[in-house]
Amino acid sequence: MEIFGVPSALLGSQLLVGLINGSFYAILSLGLAIIFGLLNIINFTHGAQYMMGAFVAWIALNKLGINYWVALLLAPLAVGALGVLIERTMLRKLYKLDHLYGLLLTFGLALIFEGIFRDQYGISGQSYPVPELLQGGVNLGFMFLPIYRGWVVVAALTVCFATWFIIEKTKLGAYLRAGTENPQMVQALGINVPLLITFTYGFGVALAAFAGVLAAPIYQVSPLMGSNLIIVVFAVVVIGGMGSIMGSILTGIGLGLIEGLTRVFYPEASAVVVFVIMVIVLLVRPAGLFGKA
Amino acid sequence: MHTKKLTTLACAAALATLSGAASAQISGNTVKVGVLTDMSGTYSDLAGAGAVLATQMAIDDFMAEAKPAFKVEMVSADHQNKADIASNKAREWFEREGVDTATELVTTSTALAVMKIAKEMNRVALMSGPASTPITNEQCNDVTVHYTYDTYALANGTAKAVTQQGGDTWFFLTADYAFGQALEKDSSAVVTANGGKVLGSVRHPFPASDFSSFLLQAQASGAKIIGLANAGADTTNAIKQAAEFGVTPKQSLAGLLMFISDVHSLGLKNTQGMYLTTGFYWDLNDETRAWSKRFFDKHKRMPTMVQAGQYSSVLHYLRAVNAAGSDEASKVMAQMKKTPINDFFAKNGQIRDDGRMVHDMYLAQVKKPDESKYPWDYYHIRQTIPAAEAFQPLSQSKCPLVKK
Amino acid sequence: MNNTNSMFARATPLLFGALFVIGLIAPFAVYPTFLMKILCFGLFACAFNLLLGFVGLLSFGHAAFLGSAGYICGMLVRDMGVTPEVGIIGGTLAAGALGWVFGVLAIRRTGIYFAMITLALSQMVYFVVLQWKATGGEDGLQGVPRGHLFGLIDLSNNIAMYYLVFAVFCIGFFIIYRTIHSPFGQILKAIRENEPRAISLGYDVAKFKLLAFVLSASLAGMAGATKTLVFQLASLTDVHWHMSGEVVLMTLLGGLGTILGPLVGAATIVSLQTELADSVGSWVTVIMGAIFVICVLLFRRGIVGELQALIQRAGIR
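Residue numbers (the UniProt record's numbering), protein chains in the order written: chain A, 1 to 293; chain B, 1 to 404; chain C, 1 to 317.
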């Protein structure tokens, strides 16, 4: 069977690869959107924190013998804790200044982290084995799907939608949303806003680290793994507009799929298609697809 | 600083007059060898610190055998596989530090950049690591020696053997820079010449970590053989992921540039039966074993052909400087081209007018796990490809220096 | 306040004159290639500062202008055989045109969005350069000849090349200096201080921002084109977003919104990179990052900004 002269098997399998990439975009842009919502900071360190998540898992396995499943919990906690430290000691000092300083600070931090890991582990990737339980693959008819990649999609989307549920449907989420709208008012209601901010930053960072652990067995664990990804995620955030949690999730997945399609029909453009869409969206809806102008 | 430099110059001048004609033309009475290589990236296993070690061994052996009147120094730097870093470093070495030869230069793009600067500044470039044939064709110049291997020799060995054994439809997975493109081009020609067919190719960024979408395209092509026109970590990743996506064993992979370091990191289980072309194997004869053992004692890994070639090329260069009594590029080059190379690496090796060093190449097949008797016992040598057949004939060279 | 201002005004020509003389004799004391690198990056940073320091727009995509001009200049000189000065002008114009496209898209938003949009657009340029055959992809554009200036002066001589770079820098610097001190520059500063007020005064703010963006992009391009001639190579490093980050660092370290700050910042960063590259390896990146963090947290005025503040305080006393 062929669709537009392309074997449907190839189309299906590239879309699936696109969905996997889209899951990473979704989870990373979700973290960025949460942090931006409350702190008004674009967290440039996000890519480095994703990388560190993968490295924590790798170090845990190779130096301490801690397996994948524990790492999936441990790495977000560790990297999230570091995030809390960063917020308390540095970011906090910048809230009164132009938001651009937050961008510059986190950019500097990203360079520091990348540099340290490069010095320790070189640029070339370290390989992380697929956990035993998820090895092998299933034949879907149109393609052979490695089980691990299927798991990545399920795990990433579960975490994304759980996060959405917490923010939109629970009391904690209500404080968070209120804090975004009007911090003084929420403070006046007796809620500890600075603590809420610290917690939010830590959580957003933990999401990045979680994505990093998920990525470790697929992509190599390397110091620069996050730095190129983060730029695409920035474009995703601009396209989605940073107003809505669900918006950032859906935009992430959607763009992954579009990238997959491009790879079938016009492979040379697959790396730029996200940016082209960004330009079009900016021309038509400057605030982004889900953004409030 | 300034006065120090002046004193050094004065001393050097005095020494030069004292030690007579032999070293009179060696600038600063010191020959400086620069090793510009990938210390931390994709190719650091096959070149990197091992190549620096090989250079030091060559210098030590030369000092012991020749006891020359001049000093030999080594400097090394990491070019990170980037042409701009390599080019800036080489320029600084030549202009500022009086380096006489830039060596190793794995990754074609860095090699092409440095050979142009070497030509401009009249210094020698010794290339052990890079693979692409343009170095001795369109881009050739008279200060460059391409020493260990090239894409023509690889294609001529591996692609020919695989096609002749029934792997007659090919799809290429190509690293998207000069080297990958040259390797794909040379291999395609060999496949077609031997009655095979090339169904298509896909180019991946360099370096890449996720090959899934490229492998799926290769899978959809239905080709019997997926030719990996890449190297180092790119090759090992592609091989691992091909297994993950069920591409192998239905289709076979042909690693067009595999080093012993790749076989070592993938393990025999993943690589058994693969054909590869190499310019050197440590377990070839007593001479290669003796040198490789010395190397192993210091590096804890057996040498790749790049590292062995690096030793051989630096030693040949230093001997030529000594014989010519000068470190001036054209004199050294003339001496190097005049003298055949005879050491553990090459027998009767010859540097041609286009800068190509021709020597025997070997077609190897990776052993099965149960055939491997001792550590690093990885290859069956299936065929020795004589120097005259291994490399592109001079008559086909596009190098303007070749007189036809 | 008036007092110190007039003191600055009197001191400025003297300072510039002294710097000019130093620039003229420097290549006889210091390695010229190193000086040329500083001047190219200095001009790049000055051009960037025109936008960030004087209009308040943080572009995170200026590498696109540096790099694309470098490639265009390289192609013109190498493949079409034009003389170096034509190559530089061609690169500058191309960067200006690209700047116009970026500007039209990006000035629809401000602040963080502006930064992210310029970043994403420059990444698009990066991919085009990577995949387009004419640019040489991963290999870069190699073997660009320095050629003969006006067809007469052989630039393969490092000293001759240095004076060309120095001249280009002086021209670029003069343009920036004149712009800042013109009525146009005053309007830009007014926009930076209070955009709504500038709008209510009847200024077409978008037009002024776009003009400033194009000017900044062109001058960044001029630096890039010149750099290609110096190193005879244009490469992906020049269009990568790390380069965009580096120019922010240079400007921030030297002093945001000061006229000489970016040059000082560029000289500091280039020297650090050159001196440290061999001894500390990857730690260069860490050190750059640390400088960034320190600048943002403690040292927001930068080297020149702090010096000026110091002089001012002394003047008041």
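Quick caveat, the hints were computed from the structure, so don't treat them as lab data.
Just so you know, even glycine gets a beta-carbon here, dropped at the ideal spot from N, CA and C.
Heads up, some of the hints might be wrong.
[To be verified] Capping the alpha-carbon separation at 27 Å, the derived lysine-lysine pairs in DSS-like fashion look like this:
#1 B:197 to C:133
#2 B:197 to A:63
#3 C:133 to B:398
#4 B:300 to B:269
[Stated by the list, open to error] Incomplete in silico selection of chain A near chain C, CB under 10 Å:
#5 7
#6 102
#7 103
#8 227
#9 242
#10 246
#11 250
#12 254
#13 265
#14 268
#15 269
#16 272
#17 275
#18 278
#19 289
Given pair status - residue 398 of chain B, residue 133 of chain C, alpha carbons within 27 Å: 21 Å, holds
Hinted contact residue 268 of chain A with chain C - closest CB pair below 10 Å: Status holds, d = 6 Å.
Status of the residue 278 of chain A interface restraint (C-beta, 10 Å, chain C): 5 Å, holds
Interface hint outcome for residue 269 of chain A [beta carbon to chain C under 10 Å]: 9 Å, holds
Straight-line alpha-carbon gap residue 300 of chain B to residue 269 of chain B, limit 27 Å: 22 Å, holds
Interface hint outcome for residue 102 of chain A [beta carbon to chain C under 10 Å]: 8 Å, holds
Hinted contact residue 246 of chain A with chain C - closest CB pair below 10 Å: 20 Å, violated
Per-residue hint verdict: residue 227 of chain A, partner chain C, C-beta under 10 Å: Because about 8 Å separates residue 227 of chain A from the closest Cβ in chain C, which is inside the 10 Å limit, the hint holds.
Closest C-beta approach of residue 265 of chain A to chain C relative to 10 Å, hint status: 16 Å, violated
Residue 254 of chain A as an interface hint toward chain C, with CB separation required under 10 Å: At about 17 Å, which exceeds the 10 Å cut-off, the nearest Cβ of chain C leaves the hint on residue 254 of chain A violated.
Interface restraint verdict for residue 7 of chain A against chain C (beta-carbon cut-off 10 Å): 25 Å, violated
Closest C-beta approach of residue 250 of chain A to chain C relative to 10 Å, hint status: 19 Å, violated
When each numbered hint is compared with the structure, violations occur for hints 2, 5, 10, 11, 12, 13, 19.
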